[in-house]
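S.K.: Residue numbers (UniProt numbering), protein chains in the order written: chain A, 1 to 272; chain B, 1 to 272; chain C, 1 to 250; chain D, 1 to 250.
It is worth saying that the hints were derived from the structure and are not from the lab.
Even glycine gets a Cβ: it sits at the ideal position worked out from N, Cα and C.
Hints are not guaranteed to be accurate.
[Claimed, not checked] Under the rule of at most 25 Å between Cα atoms (straight-line distance), these lysine to any residue pairs were calculated in the SDA-like manner:
1) D:Lys59 with B:Phe204
2) A:Lys3 with A:Val211
3) D:Lys59 with B:Asn76
4) C:Lys124 with B:Leu207
[As the list claims (entries may be wrong)] Some chain A residues close to chain B (C-beta under 8 Å, calculated; not the full set):
5) Phe120
6) Phe145
7) Ala152
8) Arg191
9) Pro206
10) Val211
11) Gly235
12) Ser237
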Amino acid sequence: MAKLVSLADGVAELVRDGDTVALEGFTHLIPFAAGHEIIRQGRRDLTLVRMTPDVIYDQLIGAGCARRLVFSWGGNPGVGSLHRFRDAVQNSWPAPLELEEHSHAGMANRYVAGASGLPFAVLRGYTGTDLPRHTTNIRTIDCPFTGETLTAVPALRPDVTVVHAQRADRAGNVQMWGITGVQKEALLAARRSLVTVEEIVDEFEPLPGQVVLPGWAITAVAHAPGGAHPSYAQGYSVRDNDFYQAWDEISRDRDTFRDWITQHVLTAEAQA
Amino acid sequence: MAKLVSLADGVAELVRDGDTVALEGFTHLIPFAAGHEIIRQGRRDLTLVRMTPDVIYDQLIGAGCARRLVFSWGGNPGVGSLHRFRDAVQNSWPAPLELEEHSHAGMANRYVAGASGLPFAVLRGYTGTDLPRHTTNIRTIDCPFTGETLTAVPALRPDVTVVHAQRADRAGNVQMWGITGVQKEALLAARRSLVTVEEIVDEFEPLPGQVVLPGWAITAVAHAPGGAHPSYAQGYSVRDNDFYQAWDEISRDRDTFRDWITQHVLTAEAQA
Amino acid sequence: MSANYTADEMMTVAAARQLRDGTACFVGIGLPSTAANLARATHAPGLVLIYESGCLGAKPDRLPLSIGDGILADTADSVVSVPEVFNYWLQPGRIDVGFLGAAQLDRYGNINTTVIGGDYTDPKVRLPGAGGAPEIAASCGEVVVIVRQSLRTFTERVDFVTSVGFGAGPGDRARLGLRGGGPRTVITDLGVLEADPVTCELTLTRLHPGVTVERAREATGWPLAVADDLATGEPPTPDELAVLRALMAA
Amino acid sequence: MSANYTADEMMTVAAARQLRDGTACFVGIGLPSTAANLARATHAPGLVLIYESGCLGAKPDRLPLSIGDGILADTADSVVSVPEVFNYWLQPGRIDVGFLGAAQLDRYGNINTTVIGGDYTDPKVRLPGAGGAPEIAASCGEVVVIVRQSLRTFTERVDFVTSVGFGAGPGDRARLGLRGGGPRTVITDLGVLEADPVTCELTLTRLHPGVTVERAREATGWPLAVADDLATGEPPTPDELAVLRALMAA
């Protein structure tokens, strides 16, 4: 059974310096509040894993939490580049950032393999691109029946995965709906997991498109209403597109960025 | 876009002598009406594929439609053995039946590989059992990252997959809910597909647990209300457990079986 | 002594007692499902029932008649696809206990549910086959087998290895890469056998009330190992019997 | 001649026209999504829009602001997981058209969206990376690229191959085992290029109204192949423009 914890306690207990950490959420349900708590608690040397490192990872990288990034698309969706990510890659500020770069299909299948207890996944992907030149984590494999050559990628097994969902019940079962991305796989692939939720309810109302994750497969659940902002939680909030636009300006300059983090993250209270 | 057809036309056009045919449905939503139509149209030399060949395949085998069976569990669920299946295996009546035998995990993954356009699937399975002694379709594969040895099974690519669902709309989109088993994978793995439905509606009411299959991924849809009987269609019918019991008696004897098929299948009208 | 319960009832109650509250249990139809639902209705209300049809956390208030009974989907925490139940839930070892039946069983808990007699292509009896069992036996934290004990079922050698127990003995599961704990417990209508931690051999550790060691030996097709501290189990309590009979009647 | 529409509007309209009714189209955010939604609102009401967030058959009535915009899930025929959209829908070649952008493009339609200048570990400009593009480029029936034409984007050689077009020329896709048809069409703000069926080289086949061959050549970093029967495309119709502007304003 998942424990119900505060966000601060959940992050303190489950996210450790040097960990491989996946915060997932595909545009929808991005666990920003948990990311801010990781910054507040000053985690260091994290290997950050995420298909689409967007503003949340820009913040973690700029705040100096990350040593390494495993990803498939790093940008500010609909806006442009991630300036803290670029500054880390191009100028090693605030610290060098190692990259391990994949395609979406590769990352998604790496989570599937992790969730399935397999050491690797097979796909038709990467062939002919320059991606395999820069990591040993993209290899070939031959079909034992047809002899055809395909691509293999190793399973992702984060030390901890953090996702945001709409609801949990008191037994720690989690309900999410709308675009649920790769969250189930990312969570099941991890050794430990933390789910932040908009609301804790006595009983779920069944909904079309829902994904229910059993509490016995989750380590901890924390109540963090609004915890996806500026991303959104369908049924609870809408995407704050203005913030994503504003982030472009905030993040362009190191000092403006530091001021923003100080004011909106470091000196802010953890929610709930 | 899926064509809306009569069951008789759908089977006539899509199921051909010598085909590899998968009729799927896991206890729930078993396409009995389509199976009966295949018997009525006198198809021969079929390779029948199904995780759980139960009463529907007992009927197809006893009626002489099958040359080969690819499966993982052949029984009358909750009742006992399949007598027509046993008679075919043990006494080659009405014709010899070749078997290719797997585990559920293996069959499910073979459909997944077929649906994914991959030639094979990898799993932890079969190891130490006698199953690999009797087919060349269970092999080993080494992880290119860890060196660990796992099991590989080839993709299933039926010529045609037939499933039963609750609803279709007029564009041939299909909606099913409740236990949906391996039907999506079996359908997407096939070259052609036929879906029989309880009801054709103008628009779907979204439901918890629904699986919606887009019409552009389906070849044809046929209206066949009650087409899952004696299995059931959640929201439309309940399982006829008495029939499954009665089948034990009907199927024990070749003549009783033949009489039943003549009366209930051969001289019956195709539905709708 | 004439008991007010049947041997099958005793077997089901003994199997139910084997299940600890709060664990996750992969359940097949028949005796395993009856035992698991009895456990959930008595001492283990938080037992998580998983059916291979994709129902996670099913809470039926009557016995399901098939693994795809509508009541399982209606009461489950989550209904997932069949590939998902095997790949995301069973294969990674998330399930604590797997419940299996057997047509034949040997002293190392290897199970046959495929063919009996003759050879594979021309068997004396063709059984249903593997179903989910090989991977349940491979991947669950531990396996509990429920089977009526007789010379027909408890055989020196199984005619076909459908699901691996301890193979040919110590070390075999590790060598084969099987990650679950294997068939630690076999519940029969005569008593309970447990795999010896050193030899892996199924050893009679408990008899049901009124059953003798001799009867158990006579129903076993190999020289049966018997524990030094062989115990006699408790008969079904009135509550267990009442709940079981209500479940069977519903 | 001063047109009553912008070059970007012409490019979007030309891209929309490329999409046939009743086909399935894998759509990225930005120009591709605008063009696909314009097509759906004009000549191709049965166009099936697929977004990598898992939305199959999305029917937004305004432009989504991200590939995970709530309106996509709300209006989709089916919302599936991200692994499913790549494995069950893209990879087997079920999707007719993939729409891609590019930071750099070469004459064989190979695309770079990863790094520009310097080397990979110390680039001059770090771009977002691959996303879904490599497998969209590999597996869709055909690929349509939308990109503004300039010496910066139309380069002799891309600094990084993120997504494969025709590789180094004829036969390369087959040799690499890429099963989709590749980048048959590139739509720019100046005109339309099509891959030559024999040489695979992108060849200017159509200019937008008012654009000259010279301007296209000057915006291309290699000696641009021009079709013998080079045509001039139709300007946007009043209806196309009205619908496009309404979409952009909503």
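S.K.: Taking the hints in turn, state whether each one holds.
M.R.: These are the hints, each one checked on the structure:
At roughly 15 Å between alpha-carbon atoms, D:Lys59 and B:Phe204 fall within 25 Å of each other, so this suggested pair holds. For the hint linking A:Lys3 to A:Val211, the alpha-carbon distance of about 20 Å falls within 25 Å, and the restraint holds. The straight-line distance between the Cα atoms of D:Lys59 and B:Asn76 is roughly 45 Å, outside the 25 Å bound, and the hint therefore fails. Note on C:Lys124 and B:Leu207: the hinted pairing is violated, with a Cα-Cα distance of about 48 Å set against a maximum of 25 Å.
The criterion of a C-beta within 8 Å of any C-beta in chain B is met by A:Phe120, whose closest approach is roughly 5 Å, and the hint holds. Taken as an interface hint, A:Phe145 checks out: its beta carbon lies about 4 Å from the nearest beta carbon of chain B, inside 8 Å. Contact between A:Ala152 and chain B, as hinted, is supported at the beta carbon level, the nearest pair being about 5 Å apart and thus within 8 Å. Here the hint on A:Arg191 is broken, as its CB sits about 17 Å from the closest CB of chain B, past 8 Å.
With a least beta-carbon distance of about 4 Å to chain B, the hint placing A:Pro206 at the interface is held under the 8 Å criterion. Given hint, A:Val211 at the interface with chain B, is violated; its Cβ is 11 Å from that chain's nearest Cβ, farther than 8 Å. The closest approach between the C-beta of A:Gly235 and any C-beta of chain B is roughly 14 Å, which is over the 8 Å cut-off, so the hint fails. At about 21 Å, the closest approach between the beta carbon of A:Ser237 and any beta carbon in chain B exceeds 8 Å, and the interface hint on this residue is violated.
This entry does not satisfy hints 3, 4, 8, 10, 11, 12, going by the numbered hints stated previously.
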